[in-house]
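Protein chains in written order, with the numbering used here: chain L, 1 to 245; chain G, 1 to 55.
A portion of the hints provided could be inaccurate.
Unchecked claim - Distance ranges between label pairs, derived from CB positions:
1) G:Leu30 - L:Ala242: 23 to 31 Å
2) G:Val22 - L:Gly244: 24 to 32 Å
3) L:Ser193 - G:Arg45: 25 to 33 Å
4) G:Gly4 - L:Val166: 19 to 27 Å
5) L:Gly244 - G:Ala40: 41 to 49 Å
6) G:Ile25 - L:Gly191: 36 to 44 Å
7) G:Ile25 - L:Ala142: 32 to 40 Å
8) L:Leu15 - G:Leu30: 38 to 46 Å
9) L:Pro43 - G:Leu11: 18 to 26 Å
10) L:Tyr120 - G:Asn2: 48 to 56 Å
Unchecked claim - Which stretches of chain G does chain L cover? Using the computed rule of at least three CB atoms under 8 Å from a CB of chain L, they are:
11) 18-28
12) 34-47
Said to hold, decoys possible - A few chain L positions that, by computed beta-carbon distances, are all more than 12 Å from chain G:
13) Ala100
14) Trp121
15) Phe173
In short, the hints are calculated from the structure, not lab data.
Think of the CB as a built atom: it goes at the ideal place given N, C-alpha and C, for glycine as much as any other residue.
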Amino acid sequence: MEWIALANPSRFLALAERLLPWLAAATALAFAAGLYAAFFVAPEDYQQGATVRIIFIHVPGAWLGMLGWAIMSVAALGTLVWRHPLADVALKTAAPIGAAFTFVCLVTGALWGRPMWGTYWVWDARLTSVLVLFLMYLGLIALWRAIEDPARAARAAAVLTLVGAVNLPIIKFSVDWWSTLHQPASVFRVGGSTIHPAILAPLLVMALAFTLLFATLYVSAMRNEILRRRVRTLRLLQVHAAQGA
Amino acid sequence: MNFGPYAAFILAAYSLTTAVVVALILWVLLDYRVQRKLLADLEARGVTRRSEPPR
Chain L
1 MEWIALANPS
11 RFLALAERLL
21 PWLAAATALA
31 FAAGLYAAFF
41 VAPEDYQQGA
51 TVRIIFIHVP
61 GAWLGMLGWA
71 IMSVAALGTL
81 VWRHPLADVA
91 LKTAAPIGAA
101 FTFVCLVTGA
111 LWGRPMWGTY
121 WVWDARLTSV
131 LVLFLMYLGL
141 IALWRAIEDP
151 ARAARAAAVL
161 TLVGAVNLPI
171 IKFSVDWWST
181 LHQPASVFRV
191 GGSTIHPAIL
201 APLLVMALAF
211 TLLFATLYVS
221 AMRNEILRRR
231 VRTLRLLQVH
241 AAQGA
Chain G
1 MNFGPYAAFI
11 LAAYSLTTAV
21 VVALILWVLL
31 DYRVQRKLLA
41 DLEARGVTRR
51 SEPPR
């Protein structure tokens, strides 16, 4: 089967049914390994002590918050250029999941910041740009709810998504462009990671676990949205049939 | 396992993340049940699709 064939909603549903049990099992296994490594293998940091364990949920939350918007930006192109209904579905369903992970990033960051920085929040460029990302997610969800026709809502949401994509490089490079309380990039950077392998390895396992969780939730939510649109179509057919009778 | 003087912050971070993840899982599971039931009810009343919805 060519990959483009999956853009057919019925084929996507069939694939989702086969894929979801495997994705869920892989997610559970990855979390079991990641949490064991995070709590029983990774050492405490020589400066931060046990609070370094917040990194194992804070950093994946940040990555997936940004990944959600990146996926939505690709889907927005599918909506605006090809006007494909599955692109609309992909755009709509990523928003609440991306918002949830961005929320996790913000709150765990605040809970890490209070003991290490002495404050829950500071208006530096990294924290503010991630807060803007979260607010854009909420705005996008509100936009979807405000417009009843899914196709019209998708086009409006696609434009807003592409405009909002400007924020992604701002988040990534905010720690380089401005003086911030938030530390600079320490995992993916030129010259290699500055995190000790004993902490980096559990972090990458937890990042994999969160990514698999994101994929599981995303495929499930897309399946639900396709079913919701079928319900809407059937209701419209029912109304038309009643009017024609 | 000893989290030291900042245990409350670590436990709060993990508890909140767990709550968000559980909420997301419940959201997709319950939504799936609702949509399947709505579809089944409509189909039981004889309402079926003629084709994929036109764009």
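Distance restraint hint 38 to 46 Å, applied to the beta-carbon atoms of leucine 15 (chain L) and leucine 30 (chain G): Violated, at about 22 Å.
If I claimed the Cβ atoms of tyrosine 120 (chain L) and asparagine 2 (chain G) lie 48 to 56 Å apart, would that claim hold in this structure? violated, 24 Å
Stated coverage of the stretch 18-28 of chain G by chain L [criterion: 3+ residues, CB within 8 Å]: holds (count 7)
May I ask you to test the hint 36 to 44 Å on the CB atoms belonging to isoleucine 25 (chain G) and glycine 191 (chain L)? Taking Cβ atoms as reference, isoleucine 25 (chain G) and glycine 191 (chain L) lie about 39 Å apart, which means the hint holds.
Assuming the hint says 19 to 27 Å, is it satisfied by the Cβ distance from glycine 4 (chain G) to valine 166 (chain L) or not? violated, 41 Å
Given as non-interface: tryptophan 121 (chain L), partner chain G, CB spacing beyond 12 Å: holds, 14 Å
Range first: 25 to 33 Å. Now tell me if the beta carbons of serine 193 (chain L) and arginine 45 (chain G) are that far apart. violated, 59 Å
Was alanine 100 (chain L) rightly flagged as not at the interface, with every chain G Cβ beyond 12 Å? The claim is violated: alanine 100 (chain L) sits with its nearest Cβ about 5 Å from chain G, within 12 Å.
Per the coverage rule (Cβ-Cβ under 8 Å, at least three residues), is the stretch 34-47 of chain G covered by chain L? holds (count 8)
Status of the given 18 to 26 Å range, CB of leucine 11 (chain G) versus CB of proline 43 (chain L): About 19 Å separates the Cβ atoms of proline 43 (chain L) and leucine 11 (chain G), which means 18 to 26 Å holds.
I want to verify a distance hint. Is the separation of the beta carbons of isoleucine 25 (chain G) and alanine 142 (chain L) within 32 to 40 Å? violated, 24 Å
Far enough from chain G: is every CB of that chain over 12 Å from the CB of phenylalanine 173 (chain L)? holds, 26 Å
Hints 2, 3, 4, 5, 7, 8, 10, 13 from the list above are not met by this structure, while the remaining hints are.
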